[in-house]
Amino acid sequence: MTAVEERTGTEKEIGKARRRKEDARLITGRTTWTDNMVLPGMLHLAVVRSPVAHARIAHVDVSAAQEAPGVVAVLTGRDLAEEQGSLPCAWPVTPDMVNPGHPSIAVDQVNHVGEAVAVIVARSKAAAQDAVELADVDYEPLPVVLDMEQAVQDGADLVHDHLESNTSYHFVFDAGEAGTGADTEQAFADADVVVSRRFVQQRLIPAFMEPRSVVVQPQGDNYTMWSATQIPHILRVMLAMVTGVPEHKLRVIAPDVGGGFGGKITPTPEEVLSLLVARRLGKPVKWTETRSESLMTAHHGRDQIQFIDIAADREGNVTGLKVRLLADMGAYLRLVTPGVPVLGAFMFNGIYKFPAYRFECDGIFTNKVPTDAYRGAGRPEATFAIERIMDELAAELGMDPLELRRKNWIRAEEFPFTTVAGLQYDSGDYETATQQALELLGYDELREEQRRRRESNDPVQLGIGISTFTEMCGLAPSRVLGSLSFGAGGWEHASIRMLPTGKVEVVTGSTPHGQGHETAWSQLVADSLGVPFEDVEVLHGDTAISSRGLDTYGSRSLVVGGSAVVKAADKVIAKARRIAAHLLEASEDDLDFADGKFSVRGTPGASLGIQEIALAIFAAHNYPEGIEPSIDAEATFDPENFSFPHGTHLCAMEVDTETGFVKIRKYACVDDVGTIVNPLIVEGQVHGGLAQGIAQALYEEAVYDADGNLTTGTFVDYLVPAASDLPHFDTGNTVHTAPGNPIGAKGVGEAGCIASTPAVVNAALDAVRHLGVSDIRMPLTPERVWRAIHAGGDGGDRASARTNAQAVDSSDAPSTTGGAR
Amino acid sequence: MIPAPFEYARPTTVDEVLQALAEGGEDVKVLAGGQSLIPVMRLRLAAPETVVDLGRVAELRGVREEDDAIVVGAMTTHSDVLADPLIRQYAPLVAEATATVADRQVRHRGTFGGALVHADPAGDLPAVALALDADFVIAGPEGRRTIGASEFFVDYLTTAVQEGELLVEVRLPKLAGSWGMHYAKFNRVAQAWSIVAVAAAVRREDGRIAEARIGLTNMGPTPLRARQVEEALAGAEATPEAVAAAAAHAAEGTEPSSDLNAQADYRQHLATVLTRRAVSTAAGL
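Top line first, the protein sequences correspond to chains C and L. Here the first sequence stands for residues 1 to 821, where the numbers follow our numbering. Here the second sequence stands for residues 1001 to 1285, where the numbers follow our numbering.
Calculated from the structure, these hints are not laboratory results. Mixed in with the good hints there might be a few duds.
Computed, partial: chain L to chain C, Cβ under 8 Å [to be verified]: (1) Ala1004; (2) Arg1188; (3) Ala1190; (4) Gln1263.
The C-beta atom is built at its ideal place from N, Cα and C for all residues, glycine as well.
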């Protein structure tokens, strides 16, 4: 009969810590990374980039580059002006949002360092790179706009001089006006206590492991693009709209993709340019960025200035929250650039029962590379602000920060709970998660040690930071996205193909870039269909195979994409049931389906496996009349609500007051991410998220100098921590299943990243608050901590000069003869 | 990224190296472990006409004992230095500092001589060599010459090695008496360059500090000796108070840079704290 392996017993796959089936090929690199692709006759692109942040292009001379050995063509912005269109922005967050348009290659003006001004096409990558230095571009400098607070002043220099100001939009959410809360001004007028702070969310660089890479192959009037992207489906639609290549003539493939963190969520200039060049020359082309190009020109994240006011009564009951943001868009709007702060708009109230809330945000243009999604996208910013201001309020009131939180958070029995921002939180228990986290940390002993160190005036002080967070995940209910003017839906698609030998192909529209979809989806399907885990193959990332999908971001894959898989599996079972009834000569109503077998109730031995049915229906010799001979099925799942993971994160931090060096002593967190399909993947996501969130608190910052050059142009200066720089993580879980999807999952991709940053900063401040410190700017460099302790303030700006250690920045002209050996 | 085109020579003896250097044209670079040269070439900040690769010059590798010195071949890798029993016995300060250099991969390829000739102010070995009064043996067309560490480091990324010359080996004097040593390195992440570091070697005699040698990393364009601290420590009581008082002089005469990691005044503050800590540890306090 069939060549399938017998499934042993009834052991459930969901909940099993399976090692990821995709890891061996991903880790060894023996896989289809885009840059591994080699096509016959393939040409290589290199991009000539602007060394200045803001200038008119006076003259471009590429004649020398054109004559260089191996060079096939050199194209300037002028050459491509008519066909390049504008990179898309899918999220006009207000009706009057100003979008200046986003050329893939500059024609008349450059607006940030690293913007493309010409493309070299050559027979080898080396030849293309050599010719970059031969392109001669004259720039007429324009005033450089870098500081958001200056950019919004009257008479400020403009990034786009055809616009009236540097403000793209002004977005307001007012709970009083929306009917979800009381009047905010009144709440503040009536408050016993108001605490106001200005927090800075520094600019960050996603810094995915695999640099971006694009290959385009023209075949007749068809084009196939391989790209290291998170969004092959969205990219296909957008490229069709931008370039005029009809959608059905365009196939986009995201092969194995090495991380993204949001950094590969937007159609890029280089994807458009690669397609345009391939179309013009009729030859396959490849572009792969260098790490320096990636840091300089791939979109950045965060970059907000947050003005936060919190109102409360003397007993510590919060009564109102006001948020005003300046959000740096950079020079242009990419796919969801303006929407990132708006995603945070509904999360600033956190887990607390604020009766009144008002949010305002200005999106500001500067002469920097555009921002867009970065792990958490809006929610880390919101979580940071609320968790920091709760500590400030606790200090003002002289209350224990945990007691203040407990007094105001939603109690377990109050779920589902509609917040002042209008979201309905689905499930959870903040108290239980907090209790578990306190035990994991050893809270009481550490508080005692903190007391001892304070009393003895120890040069190394100890602090404990708390972050009790929630986030909205499972992006997203399509109707909600519509109400926020987003240009697409939030559903996800899956199909299941039952192969004749009983093996199963699962096609998912949720394209992974390292998360482990292949393993988790196999576990889901193994349980649903009752087939062995090994019999399931998961296909993804190719628009010709996975025809419908909305890809991976916003902790959506399992919640939305996994649910589509489960729904499709249910349909397979329903279709197989009719065949089974026919073959077993029984009524459908008398069939039980368990462990992959249909059996006739009350008739021992009369059973048929679903994998056997797959072969039977492939042969199609004997099946009921009036139905199609197939048990394959597809499903589209559109969630009705977001899911709301939550957790309590605790950080114990040592601060060397003599040097300012901070060291995480212990980190404990308890997350509730709903149903856990694979505990190993969940723990891995939490660890990675923690590393990234801690990195924002302690290490990472994209620094520009006064001319708009990226000073942190290499990993020498843009500090990404390694395992050796991070503490052991004590992690735990509570499980409150999400009611909004059949799996009960809430999403885990961003949790660690969202929760950890304020826990770490709160910990450092808790260590030195008695020394008069109430804020330290992120990242907490030793210098900033030392200055905050010894000179007051928040530690101030860093010197934007490069370090001695071979760092380069984007102002470095190519080809100087250095003194290095 | 891809370096600009260059000529490549791979000699097997020092004499052949010198010949290759002489014939290499206008801009010749010596490739030792490549941990600094290759990155700047890939970034096209350096585009030498010729690269002379020392990888196959066997006579430049290894550590040996010669009378009152330990002689380290310029091409001895950091990991070989770390594993060497002579270094551990006679120059533990070198081992301690080398262990802080970057990461395992870099230490496997990077070389002792390469790091010293590169003379990055943030590099760890120059201050150690300076503190230990190492001698540098340089080969050139005219033969070999030996100069002391105090003359070897000339300026930012610049040493006394002239065009056409090659650093062959470094002689670390065996120190007589009861020495304690410590390298106190301050950086933000484990694999990073020093923001500031202090190399301290202290000889104790009858409960006093008889002699101290302090090298400062990244407190100016070249490594520096903290002479005022050394003078204050000479003959001082081995007490925390005396060490702290002496260490307060650590930043005198220094002109550190201001960059992303630290502004000059903070570096000067760090130098005093790290000097106190390094000397205290070296003195066994």
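Original post:
Once the shortest beta carbon distance from Arg1188/L to chain C is found, is it less than 8 Å?
Top reply: Because about 6 Å separates Arg1188/L from the closest Cβ in chain C, which is inside the 8 Å limit, the hint holds.
Original post:
Holds or violated: is there a CB of chain C closer than 8 Å to the CB of Gln1263/L?
Top reply: 5 Å, holds
**OP:** Could you check if Ala1190/L really has its C-beta closer than 8 Å to a C-beta on chain C?
**Re:** The hint holds - Ala1190/L has a Cβ within 8 Å of chain C, the shortest such distance being about 4 Å.
**OP:** Against chain C, run the beta carbon of Ala1004/L and see if the smallest gap drops under 8 Å.
**Re:** At 6 Å from the nearest chain C Cβ, Ala1004/L passes the 8 Å test, so the hint holds.
In this structure, every one of the numbered hints holds.
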